[in-house]
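Peer 1: First to last, the protein sequences are chains U, X and R. Just so we're aligned: 149 in the working numbering is position 149 of the first sequence, and the numbers increase by one with no gaps anywhere. Just so we're aligned: 227 in the working numbering is position 227 of the second sequence, and the numbers increase by one with no gaps anywhere. Just so we're aligned: 34 in the working numbering is position 34 of the third sequence, and the numbers increase by one with no gaps anywhere.
Bear in mind the hints are in silico, worked out from the structure with no lab data behind them. The reader is advised that the hints may include incorrect statements.
As the list claims (entries may be wrong) - Derived CB-CB ranges, DEER-like:
#1 X/Ile239 x R/Leu12: 33 to 43 Å
#2 X/Tyr211 x U/Asp299: 36 to 46 Å
#3 X/Val57 x R/Leu21: 25 to 35 Å
#4 R/Phe17 x U/Asp150: 51 to 61 Å
#5 U/Arg102 x R/Arg205: 44 to 54 Å
#6 U/Asp202 x X/Thr216: 43 to 53 Å
#7 R/Arg254 x U/Asp202: 47 to 57 Å
Since we're looking at a predicted model, the values are computed, not measured. Don't be surprised by glycine CBs; every beta carbon is placed ideally from N, CA and C.
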Amino acid sequence: MSTVVGGAAASGSVGGGPLLSVRDLSVVFGRRGQPGFTAVHHVSFDVAGGEVVGIVGESGSGKSVTSMAVMGLLPARGVRISGEARYRGRDLLTMPDRERARYRGAELAMVFQDPMTSLNPVVTVGTQVTEVLHAHERLSRADARDQAVDLLRRCGIPDPARRLGEYPHQLSGGMRQRALIATALACKPKLLICDEPTTALDVTIQAQVLELLVELVRDLGTAMVMITHDLGVVAGLCDQVNVMYAGRIVERAGCHELFARPRHRYTEGLLASIPRLDGDRSLPLTPIPGTPRDVVAWDRACAFAPRCRFVTDACVRGDLALAPLGPGHDVRCVHPAGGAAPGAVTATIQEAP
Amino acid sequence: MTSVTPASFTPDEGLPRPQSLVDAMGPALDAQETGTSLWAGAFRRLRRDPSAIVGAVIVTIFVLVAVFAPVLAPYEPARTQWANQITPTTLPPFSAEHPLGLDSFGSDFLTQLIHGARQSLIIGIVSTLLGLAGGALLGGLAGAFGGWVDTLVMRIVDILLSIPALLLAVSVAAIVGRRPEALMIAIAAAQVPIFARLLRGSMLRQRGQDYVLASTSLGLRRRTIVMAHVLPNSLGPVIVQATLVLATAIIEVAALSYLGMGSPDPTVAEWGRMLVRGQERLQSYPHLTLLPGLCIAVTALGFTLLGEALREALDPKSRR
Amino acid sequence: MLRFVVRRLLLLVPVLFGLSLLLFAWLRALPGDPARALLGDRATPQGIERLNAQYGFDQPLPVQYVRYMGQLLQGNFGNSPRTGQPVLATFVERFPATVELSVAALLFAVVVGIPLGYFAAKRAGGVLDLVAVGSSLAGVVIPVFVLAYLLKVVFAIGLPGLDWLAVLPPSGRQDVRINATHITNFYVLDGLMTREWDAAWDAVRHLILPALALGSIPLAAITRMTRASVLEVLGEDYVRTARAKGLARGLITRRHVLKNAMLPVITMIGLLTGQLLSGAVLTESVFAFNGIGSYLFDAIATLDYAVLQGFILFIALIYALVNLVVDIVYGLFDPRMRVR
Chain U
1 MSTVVGGAAA
11 SGSVGGGPLL
21 SVRDLSVVFG
31 RRGQPGFTAV
41 HHVSFDVAGG
51 EVVGIVGESG
61 SGKSVTSMAV
71 MGLLPARGVR
81 ISGEARYRGR
91 DLLTMPDRER
101 ARYRGAELAM
111 VFQDPMTSLN
121 PVVTVGTQVT
131 EVLHAHERLS
141 RADARDQAVD
151 LLRRCGIPDP
161 ARRLGEYPHQ
171 LSGGMRQRAL
181 IATALACKPK
191 LLICDEPTTA
201 LDVTIQAQVL
211 ELLVELVRDL
221 GTAMVMITHD
231 LGVVAGLCDQ
241 VNVMYAGRIV
251 ERAGCHELFA
261 RPRHRYTEGL
271 LASIPRLDGD
281 RSLPLTPIPG
291 TPRDVVAWDR
301 ACAFAPRCRF
311 VTDACVRGDL
321 ALAPLGPGHD
331 VRCVHPAGGA
341 APGAVTATIQ
351 EAP
Chain X
1 MTSVTPASFT
11 PDEGLPRPQS
21 LVDAMGPALD
31 AQETGTSLWA
41 GAFRRLRRDP
51 SAIVGAVIVT
61 IFVLVAVFAP
71 VLAPYEPART
81 QWANQITPTT
91 LPPFSAEHPL
101 GLDSFGSDFL
111 TQLIHGARQS
121 LIIGIVSTLL
131 GLAGGALLGG
141 LAGAFGGWVD
151 TLVMRIVDIL
161 LSIPALLLAV
171 SVAAIVGRRP
181 EALMIAIAAA
191 QVPIFARLLR
201 GSMLRQRGQD
211 YVLASTSLGL
221 RRRTIVMAHV
231 LPNSLGPVIV
241 QATLVLATAI
251 IEVAALSYLG
261 MGSPDPTVAE
271 WGRMLVRGQE
281 RLQSYPHLTL
291 LPGLCIAVTA
301 LGFTLLGEAL
311 REALDPKSRR
Chain R
1 MLRFVVRRLL
11 LLVPVLFGLS
21 LLLFAWLRAL
31 PGDPARALLG
41 DRATPQGIER
51 LNAQYGFDQP
61 LPVQYVRYMG
71 QLLQGNFGNS
81 PRTGQPVLAT
91 FVERFPATVE
101 LSVAALLFAV
111 VVGIPLGYFA
121 AKRAGGVLDL
131 VAVGSSLAGV
141 VIPVFVLAYL
151 LKVVFAIGLP
161 GLDWLAVLPP
171 SGRQDVRINA
181 THITNFYVLD
191 GLMTREWDAA
201 WDAVRHLILP
211 ALALGSIPLA
221 AITRMTRASV
231 LEVLGEDYVR
241 TARAKGLARG
251 LITRRHVLKN
261 AMLPVITMIG
271 LLTGQLLSGA
281 VLTESVFAFN
291 GIGSYLFDAI
301 ATLDYAVLQG
311 FILFIALIYA
321 LVNLVVDIVY
331 GLFDPRMRVR
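Let the hints inform the model, and build the full structure from the sequences given.
Peer 2: Here it is in structure tokens:
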């Protein structure tokens, strides 16, 4: 797949292993001893150095919770986390928070959804950018400031030196998100997790910010996990895509493979509901019926079954596994789409990214 | 309160849903939510809230004691006994006839405490009703008319708010004289700004709501809209505030009678005044001061707990 | 900033004007004629005549009001019939005591209330949270004078068997046997300035119980507000951002949690002024603490309207000024307020 950029190798990582390896990650909300609500169930995925991995799903599918769990940002109480998330072989989930804090911001960074609320309103932009530098690197104030100016400039913020002394409310939404991206990339992390980074922005700004992210990540050789509900965001960006539904990964494939040959009925529905430039305009868009509130527990049936057009009695079983349906293409579905599709074709597409 | 039913679909929309799946899904989520009104829901939540139960129990006991004081109290409040045993330094000890002893005037202390509840309740309720009426008038005027009426009313309310409640009460008492009614008007005067602000805010918020716009566009008259929609929806916060204000009223009754503003009739039992009278024997008989204080605190606690719990139960954010 | 202050001071004018109108109406509504009301029981015909001439109570109402305002603007709040002293002079003399008491009470409330509220929020549902919620409830429901008596009995007078707890003076501001020099009438400050350490320490000892009693009012409010505010801020996205940056806990607490969580607390401290002064009236009377509170307490008991009137104006002015200061402080904390 993509090339691993120098930085990762230089800091003496575990040979060829993935940068981040998530195995059987489960997150249950609820007090100890009570049944609770399973937000994420046995999610596994890998991110190699410099790779861009997408996690796609509707709100409530557990995609954000997954990233928060990896970053150790979930509250300590009322949440049960199991499984492992190894960053260069070290399990982030079991390490003490003090140690994890050394990774956060330096090795793993995160960009959040809403730039309006993700910046502290009473602290200057400059302080919010430089504090992450001070936290992880020994720097003089002047050096930190110079770096911050440079960062803001690279993130496309005009007149960065002046912006440093300003407060978040003096910046537009797009500018704030650029400032947040600058903060996240300040320590040149190996992995950047973006949780719906463009959702709260104006449509015109969305494309710019996305472009900026891709550019910066490519320059720094940073791996990225892109969490989004928007398949359009994933399309031009990701190497690998995981589709989540009701807390589980229901389909995983290379980006081109997924768009060319969606196998899970949910993915298929998602793609059919996106307007396409090359599509037949006389045909109406096909929405997925129902809402994520039409639920059935995974341990009793396929959770998507209540909204699925192809549901049969066979879907009502509790042990649906994420099974390979072709090289690098896993699906959790009883009646996958394009059942006759030969594996050979998928293999060639798989090489593409 | 009608909840918007989410666009859930049923098998007759043309989607197959095998019976086995329907069974596995169990009862739909939405079915449980429909049909619960705001008040029914609030009541259900109240019953599960321990502090609401404690508050309700205290309030109930207090009201019952106040209402049935003449029946419950062992003696007449004004009756004095054993006067020969009362000296400047000693009082008769606790006994079977007088479980809490006698006060400096030879009145049975338990009787005094029981009748004190009656005074607190009467003054508390009347003053809260008066305060509510005054506040509703001012706030209602401001909220219903807006514009310069609103500005004027709110400036007056601001001025009233800048005078401490106690001073406001004292000033009113200065005009009407030392009578129990003075106490009521005085405490009510201090509550007017609170209720006025609350009602105005509530009405302004409601006026901007979509359902009011909808009613206006349907051609309903303003008065009808105010009566049918705005007022009922402002009711919740008002009831919450009234409960909380009752607690303050009971404390203020005590504070004002402590300042000597209470009823001029010395035979009327009143917690605040009992407290003042007790202080001269603070060292030898602290219960004469501390028990009325305890009664005030516990009663105020009851109303506060109940009010806070009500507020929480009626808060749409904390629903479910 | 200066423009903000000036504008706020200008906004004060209509409020004080309205207040003077209300006060004038109040004075007219007092039972009997105003001169008699102001002079009280000891009114002599000559006295009434003199006051009528001074305020022009025999003139038409608008003229009366203008005269009345003129008197007020000259700082003439009248003489107290009870003491014969000018009201304003007595206020100025006694005010430091009340300020000292209120500041001590507020200091106690801030020093205890903010950490208590903070840790209660950090571990919502924990033991400390119960303590915080319980004590703020107690502060609301226990009348300040009841608490004052309770403290006085236990720590000054002494209960049978618990005598060893009674180590503090029951009343006054300073032991009369200490011949202290008073410059500012802030006794603690005076003691420190003149290096009369005994006098300062004695003043502090006299201050403890009244400050604890009076402090229960702001303590309850501050604890409650801090707890609610911190709970809210802890859930804010920017705190999550700060954690995602891997910042040290102390830095997150100081820069990202407390700096934001203190904003509503600051506003509330301003609004507490009125309650604090009401409470001071009651507290000072229990501890015979000679501030304006006990002065007013006596005035209420004797229906000394001249003092009442002066007190209301004085308090309203203080309330307005304190809230102005609070808004300025708020502006220092919240950059969003500065631009306006």
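Peer 1: The hint says 43 to 53 Å between U/Asp202 and X/Thr216; measuring C-beta to C-beta, is that right?
Peer 2: 33 Å, violated
Peer 1: Verify the CB-CB distance for X/Tyr211 and U/Asp299 against the hinted window 36 to 46 Å.
Peer 2: With Cβ atoms ~42 Å apart, the hint holds.
Peer 1: Given a hint of 25 to 35 Å, does the C-beta separation of X/Val57 and R/Leu21 actually sit inside it?
Peer 2: 47 Å, violated
Peer 1: In this structure, is the beta-carbon distance linking R/Phe17 and U/Asp150 contained in 51 to 61 Å?
Peer 2: 57 Å, holds
Peer 1: Are X/Ile239 and R/Leu12 spaced within 33 to 43 Å by their CB atoms?
Peer 2: 35 Å, holds
Peer 1: Measuring from beta carbon to beta carbon, are U/Arg102 and R/Arg205 in 44 to 54 Å?
Peer 2: Once the Cβ atoms are compared, 50 Å apart, the range 44 to 54 Å for R/Arg205 and U/Arg102 holds.
Peer 1: The hint says 47 to 57 Å between R/Arg254 and U/Asp202; measuring C-beta to C-beta, is that right?
Peer 2: Once the Cβ atoms are compared, 34 Å apart, the range 47 to 57 Å for U/Asp202 and R/Arg254 is violated.
Hints 3, 6, 7, counting from the list given before, are not met by this structure.
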